[in-house]
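S.K.: Here the sequence shown stands for residues 1 to 213, where the numbers follow the working numbering.
Quick caveat, the hints were computed from the structure, so don't treat them as lab data.
Note that the structure is predicted; figures quoted are calculated from it, not measured.
Hints are not guaranteed to be accurate.
DSBU-like, lysine-lysine: derived pairs with alpha carbons at most 30 Å apart [unchecked claim]:
#1 Lys90 - Lys195
#2 Lys195 - Lys139
#3 Lys195 - Lys154
#4 Lys154 - Lys139
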Amino acid sequence: MMRAKPPNHSVAKPKIQLWAVNLCQRSLLLLGLLMLPQAGHSEIHNYVDEHGTSVFVDDAYLSPTERRGLQQKVLDSENAKRQSLTTPVKVYGNQVLVPVELSDGNRQISVRLLLDTGASQTVFHRRTVASLRTRSLGKGWSRLAGGRLIATEKVRFTSLQVGPYTWETPTIYLIELSDSDAPFDGLLGMDFLRKHHYRIDFQQQLIHWQPTD
């Protein structure tokens, strides 16, 4: 004779789905991340140091004093860059006299050239470069604007510096100066000027060089 099984009065335990556990864990993780202290807004600053090296700095972890010092370095660097693109000149009416450094490799002289967009070549008065060593490339004749012929010598120097630009191994023409009272030492011609953009401030007597890159 078979006996009936007693009824099971135990309470069934609910089954928790695995996806629900994962969702809960992700929610807690996200909440924890949101409660973490957030770093303040940071910026990358760039300046050029006293050695001419470009320096990049993230200000996120700087103290207020360090941040002010960094901002001053950036400001000084920007001002120095603007000044390097500005050249003081002498203006006499419509004549603009530009300071120029000319070198033969061992010696260097400072001269003033008349900015002349009508001159195809840069020209120096011979007496101006008498102290420098020149490499002659030949002699000939050139015709002036009035039609007069003048003896010239084609020479080469190591470098010619105008404002922020250095012209390496420039070819220069030498002439004999007939007017010893001229306030300039030669002509800065289009062989240099066509390579550079610039703007002349006649009132402030400045040339503002405008880099193309």
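S.K.: All hints are to be evaluated individually against the structure, with a verdict given for each.
M.R.: How the hints compare with the structure:
no. : hint            : result
1   : Lys90 - Lys195  : 22 Å, holds
2   : Lys195 - Lys139 : 26 Å, holds
3   : Lys195 - Lys154 : 21 Å, holds
4   : Lys154 - Lys139 : 6 Å, holds
Checked against the numbered hints given earlier, the structure satisfies every one of them.
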